Amino acid sequence: MKNYSIANGCLVAIMVLCAFTAPLAKRKIMADKAASTVTYAAKHPLHSWEGVSHDVNCAIIYNDDTKQPETVAVSIKVASFDSDNNNRDSHAVEAMEGIKYPNVTFTSSDIKAGDNGALTAKGTLTFHGVSKPVTLNATRKDNGNKMTLTGEFPVNMTDHNIERPSLMGLKTEDAMMLRFTIVFSL
Amino acid sequence: MKFICFALLVWVGLGTLQAQDTTAVRRDTTITPSQTPDNSASDLLAGLADSTEKQELLPHKMIFTQRIFWGPKGLLRTMNVAPLTSEGRIHELKVRRTMLVAHQIGGFLTLAGFVTQGILGAKLYNAKGQDYVDTKKWHERTATFINISYGTTLALSLTAPPPIVGPKRGFTTIKLHRYLAIVHLAGMITTNILAGMIEDNSSLKPYHRAAAYTTFGAYAASILALKF
Numbered sequence: 000m001k002n003y004s005i006a007n008g009c010l011v012a013i014m015v016l017c018a019f020t021a022p023l024a025k026r027k028i029m030a031d032k033a034a035s036t037v038t039y040a041a042k043h044p045l046h047s048w049e050g051v052s053h054d055v056n057c058a059i060i061y062n063d064d065t066k067q068p069e070t071v072a073v074s075i076k077v078a079s080f081d082s083d084n085n086n087r088d089s090h091a092v093e094a095m096e097g098i099k100y101p102n103v104t105f106t107s108s109d110i111k112a113g114d115n116g117a118l119t120a121k122g123t124l125t126f127h128g129v130s131k132p133v134t135l136n137a138t139r140k141d142n143g144n145k146m147t148l149t150g151e152f153p154v155n156m157t158d159h160n161i162e163r164p165s166l167m168g169l170k171t172e173d174a175m176m177l178r179f180t181i182v183f184s185l
Numbered sequence: 000m001k002f003i004c005f006a007l008l009v010w011v012g013l014g015t016l017q018a019q020d021t022t023a024v025r026r027d028t029t030i031t032p033s034q035t036p037d038n039s040a041s042d043l044l045a046g047l048a049d050s051t052e053k054q055e056l057l058p059h060k061m062i063f064t065q066r067i068f069w070g071p072k073g074l075l076r077t078m079n080v081a082p083l084t085s086e087g088r089i090h091e092l093k094v095r096r097t098m099l100v101a102h103q104i105g106g107f108l109t110l111a112g113f114v115t116q117g118i119l120g121a122k123l124y125n126a127k128g129q130d131y132v133d134t135k136k137w138h139e140r141t142a143t144f145i146n147i148s149y150g151t152t153l154a155l156s157l158t159a160p161p162p163i164v165g166p167k168r169g170f171t172t173i174k175l176h177r178y179l180a181i182v183h184l185a186g187m188i189t190t191n192i193l194a195g196m197i198e199d200n201s202s203l204k205p206y207h208r209a210a211a212y213t214t215f216g217a218y219a220a221s222i223l224a225l226k227f
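Chain order of the listed sequences is A and B.
All residue numbers for the first sequence refer to numbering that gives the first Met the number 0, where the first residue is 0 and numbers rise by one.
All residue numbers for the second sequence refer to numbering that gives the first Met the number 0, where the first residue is 0 and numbers rise by one.
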């Protein structure tokens, strides 16, 4: 009788412990802000310049089974872009109505992995309150437990109803190039 | 007993598929059940939006002439002419844009005045008789025009509403534009003072000319600085 009770107790204990076994799962991972950047490149007849944001808020849903990101969302404050000229940065924020629309965001609807670390992310880019579908091509590099996603894509200001800023009567070119480098710790 | 062991094996097998570990969660991860792609992207974004701070309405630093009018306790705030609200700042930034465009126009008009004045001054330096009288008259009229356009251009810059983004550390071309402005402002004042003194002391003419050329040089450089 005593042995039967002990055996039953052990079995129950084992069952309870097994219930807490960590499974493989999808998990949310935040980007490493210190290592991640998004840069825009713009052109004006007088000069070309780039503005960098080191304040990249980005999160992915990462599948530990497939070792692939499945969903990505990015949100960056428009005022965080620094082109080494605060007057120009302010002008950019004014043109993008940064008080009314403080963030530029991207959310993915589909991410496909290709060969050699290529990723194709379809999603929606929201800029100046206007949402447009975009397809981003990124390259994935793994270094130890760090995953780095890099890529670039064009954006036209007028597509998002942004009035092109001007200096000395000359307007900035409509097309900008956005470049990203986003680092995650897996 | 065999039945219990079999049940145990099935339970462990199910447990590895379904159970969640809530005791060892890394700081940068959260374990979430799988959702439809659209919902999880929106949820991810909502989580990020919470973490982004609200846009500051005023820059952390502004020149004292702006602070007097547009600072948190500036004249226009205390008189309730320009209350510090999001809508108010959106309007102010439009005013700022208009004033800075006017500043650019005034700047080019002043530059044209400087060039004209340089030609007239060079002619006046060697003029004699009636030619000297006529040239001097135009030189003084042009000086008046330049003083008005320069003063207006300066006032537009100093009193415009502050930008959204404040100045950052380190050397920038916009700072160079401002440092050169200090030089050409000092030059303008010196040139005008010496112009008034030449009537009684004609030996000051070379100094008046040197001050004028230095002013023009700093002025032209301050415009060129914006090219880079």
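Read the hints as simulated data drawn from the structure, not as lab findings.
Computed from a predicted model, the values in this text were never measured in an experiment.
Any given hint could be a false lead.
[Unchecked claim] Calculated pairs, BS3-like style, for lysine-lysine (alpha carbon to alpha carbon, straight line, at most 30 Å):
id	chain 1	residue 1	chain 2	residue 2
1	B	K127	A	K99
2	A	K170	B	K93
3	A	K76	A	K121
4	A	K99	B	K204
5	A	K27	A	K111
6	B	K60	A	K170
7	A	K76	B	K135
8	A	K99	B	K174
9	A	K170	B	K174
10	B	K226	A	K76
11	B	K60	B	K127
12	B	K72	B	K174
13	B	K226	A	K170
14	A	K121	A	K32
15	A	K99	A	K170
16	A	K99	A	K145
17	B	K93	A	K76
18	A	K42	B	K93
19	A	K25	B	K72
20	A	K32	B	K72
21	A	K145	A	K66
22	A	K76	A	K32
23	B	K174	A	K32
24	A	K140	A	K99
25	A	K145	A	K42
26	B	K93	B	K72
27	A	K121	A	K99
28	A	K42	B	K127
29	B	K167	B	K204
[Unchecked claim] Sample of chain A residues lacking proximity to chain B, with all beta carbon distances greater than 12 Å (derived):
id	residue
30	T36
31	A72
32	N84
33	K99
34	L118
35	G143
36	E172
37	M175
[Claimed, not checked] Listed below are several chain B residues computed to face chain A (Cβ distance under 7 Å; list not exhaustive):
id	residue
38	S39
39	A81
40	V94
Ideal Cβ positions, reconstructed from N, Cα and C, are used throughout, including at glycine.
Right, here's what the structure says about each hint:
1. B:K127 / A:K99: violated (64 Å)
2. A:K170 / B:K93: holds (17 Å)
3. A:K76 / A:K121: holds (22 Å)
4. A:K99 / B:K204: Status violated; Cα separation ~56 Å.
5. A:K27 / A:K111: holds (18 Å)
6. B:K60 / A:K170: Holds, at about 28 Å.
7. A:K76 / B:K135: violated (57 Å)
8. A:K99 / B:K174: holds (28 Å)
9. A:K170 / B:K174: holds (23 Å)
10. B:K226 / A:K76: Measuring from Cα to Cα gives roughly 27 Å; hence the hint holds.
11. B:K60 / B:K127: violated (54 Å)
12. B:K72 / B:K174: Answer holds: K72 of chain B to K174 of chain B is near 26 Å, not above 30 Å.
13. B:K226 / A:K170: At roughly 14 Å apart (the allowed maximum being 30 Å), K170 of chain A and K226 of chain B satisfy the hint.
14. A:K121 / A:K32: holds (23 Å)
15. A:K99 / A:K170: holds (23 Å)
16. A:K99 / A:K145: Status violated; Cα separation ~36 Å.
17. B:K93 / A:K76: holds (21 Å)
18. A:K42 / B:K93: Given that 30 Å is the threshold and the Cα spacing comes to 23 Å, the pair holds.
19. A:K25 / B:K72: violated (51 Å)
20. A:K32 / B:K72: This hinted pair is violated, its Cα atoms lying about 35 Å apart.
21. A:K145 / A:K66: Cα-Cα ~12 Å, so holds.
22. A:K76 / A:K32: holds (13 Å)
23. B:K174 / A:K32: holds (29 Å)
24. A:K140 / A:K99: violated (36 Å)
25. A:K145 / A:K42: It is violated: about 34 Å lies between the C-alpha atoms, which goes past 30 Å.
26. B:K93 / B:K72: holds (21 Å)
27. A:K121 / A:K99: holds (26 Å)
28. A:K42 / B:K127: violated (52 Å)
29. B:K167 / B:K204: With a Cα-Cα distance of about 42 Å, the restraint between K167 of chain B and K204 of chain B is violated, given a limit of 30 Å.
30. T36: About 16 Å separates T36 of chain A from the closest Cβ of chain B, which puts it past 12 Å; holds.
31. A72: Incorrect as stated: the minimum Cβ-Cβ distance to chain B is 4 Å, not above 12 Å.
32. N84: violated (5 Å)
33. K99: Per Cβ check, K99 of chain A is inside 12 Å of chain B; nearest 7 Å; violated.
34. L118: holds (15 Å)
35. G143: holds (15 Å)
36. E172: holds (17 Å)
37. M175: About 18 Å separates M175 of chain A from the closest Cβ of chain B, which puts it past 12 Å; holds.
38. S39: For S39 of chain B, the interface hint holds, since the closest Cβ of chain A sits about 5 Å away, which is under 7 Å.
39. A81: The hint is violated - A81 of chain B has no Cβ within 7 Å of chain A, the shortest such distance being about 14 Å.
40. V94: Status violated, d = 11 Å.
Taken one by one, the earlier hints fail for this structure at numbers 1, 4, 7, 11, 16, 19, 20, 24, 25, 28, 29, 31, 32, 33, 39, 40, listed in ascending order.
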